[in-house]
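Generate the whole structure from the sequences, applying the supplied hints.
Residue-level listing of the chains:
2 protein chains.
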Amino acid sequence: MYVILVYDIGEKRVGKMLKLCRAYLNWIQNSVFEGEITEAKLKELVARAKKIMKQEDDSLIIFKSRDQRWLDKQVVGKERMKVDNFL
Amino acid sequence: MYVILVYDIGEKRVGKMLKLCRAYLNWIQNSVFEGEITEAKLKELVARAKKIMKQEDDSLIIFKSRDQRWLDKQVVGKERMKVDNFL
Numbered sequence: 001m002y003v004i005l006v007y008d009i010g011e012k013r014v015g016k017m018l019k020l021c022r023a024y025l026n027w028i029q030n031s032v033f034e035g036e037i038t039e040a041k042l043k044e045l046v047a048r049a050k051k052i053m054k055q056e057d058d059s060l061i062i063f064k065s066r067d068q069r070w071l072d073k074q075v076v077g078k079e080r081m082k083v084d085n086f087l
Numbered sequence: 001m002y003v004i005l006v007y008d009i010g011e012k013r014v015g016k017m018l019k020l021c022r023a024y025l026n027w028i029q030n031s032v033f034e035g036e037i038t039e040a041k042l043k044e045l046v047a048r049a050k051k052i053m054k055q056e057d058d059s060l061i062i063f064k065s066r067d068q069r070w071l072d073k074q075v076v077g078k079e080r081m082k083v084d085n086f087l
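Just so you know, the protein sequences line up as chains A and B, in that order.
If you read the first sequence in my numbering, its first letter stands for residue 1, the second for the next number, and so on.
If you read the second sequence in my numbering, its first letter stands for residue 1, the second for the next number, and so on.
The hints are simulated quantities; they were obtained by calculation from the structure and are not laboratory data.
Each hint should be verified, as a subset may be incorrect.
To be verified - List of simulated lysine to aspartate or glutamate pairs, DMTMM-like, C-alpha gap at most 20 Å:
id, chain 1, residue 1, chain 2, residue 2
1, A, K19, B, D8
2, A, K43, B, D67
3, A, K78, B, D72
4, A, K78, B, D67
5, A, K64, B, D72
6, A, K43, B, E79
7, B, K78, A, E56
8, B, K73, A, D58
9, A, K41, B, D72
10, B, K64, B, E39
11, A, K64, B, D67
12, A, K64, B, E36
13, A, K78, B, E36
14, B, K78, A, D67
15, B, K51, A, E79
16, B, K43, A, D72
17, B, K50, A, E11
18, B, K78, A, E79
19, A, K73, B, D8
20, B, K43, A, E79
21, B, K64, A, E36
22, B, K73, A, D67
23, B, K73, A, D72
24, A, K73, B, D58
25, A, K50, B, E36
26, B, K73, A, E39
27, A, K73, B, E36
28, B, K78, A, D72
29, B, K73, A, E79
30, B, K73, A, E11
31, A, K54, B, E79
32, B, K78, A, E36
33, A, K78, B, E56
34, B, K43, B, D8
35, B, K19, A, D8
36, A, K64, B, E79
37, A, K73, B, E79
Structure (structure tokens):
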């Protein structure tokens, strides 16, 4: 499964969240990640993220696609992170 | 066409960029937008965004999907913006 993950997290918790997400996905912009991940690994990531997040303040959105080919990516300006596995 | 747009923009330019993107898409998180848009309107949005952006510092990423049904969305924590037209 291919996912795009975006978070909006209080400053104090950003470091932990960044480290967590980088362990599972590719970092492509400030608070944006993408990559192939299994359903089980994604559940694990979400469970760990919930422990970091303040549910009433923080937000995490995950877009899931069964196949990366169904998504086309356009980058304008500076590409923060080069990701090799993108077409 | 259904798109997810994320930007990472210098603080001075954020206000303009937010206003621009909200004119075309639905705001769902800090710097994240989604919505149905035509290819022509998206080109217009990107052209206008480029005028706001500092190409060497700022970044804009657009994920495009021909059909929204190919994407599944999961929200954890606070949902910043309720979007009616999402399944």
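- prompt: When the hints from earlier in the document are held up against this structure, which numbers fail?
  reply: 2, 3, 4, 13, 14, 17, 18, 25, 28, 29, 30, 32 and 37
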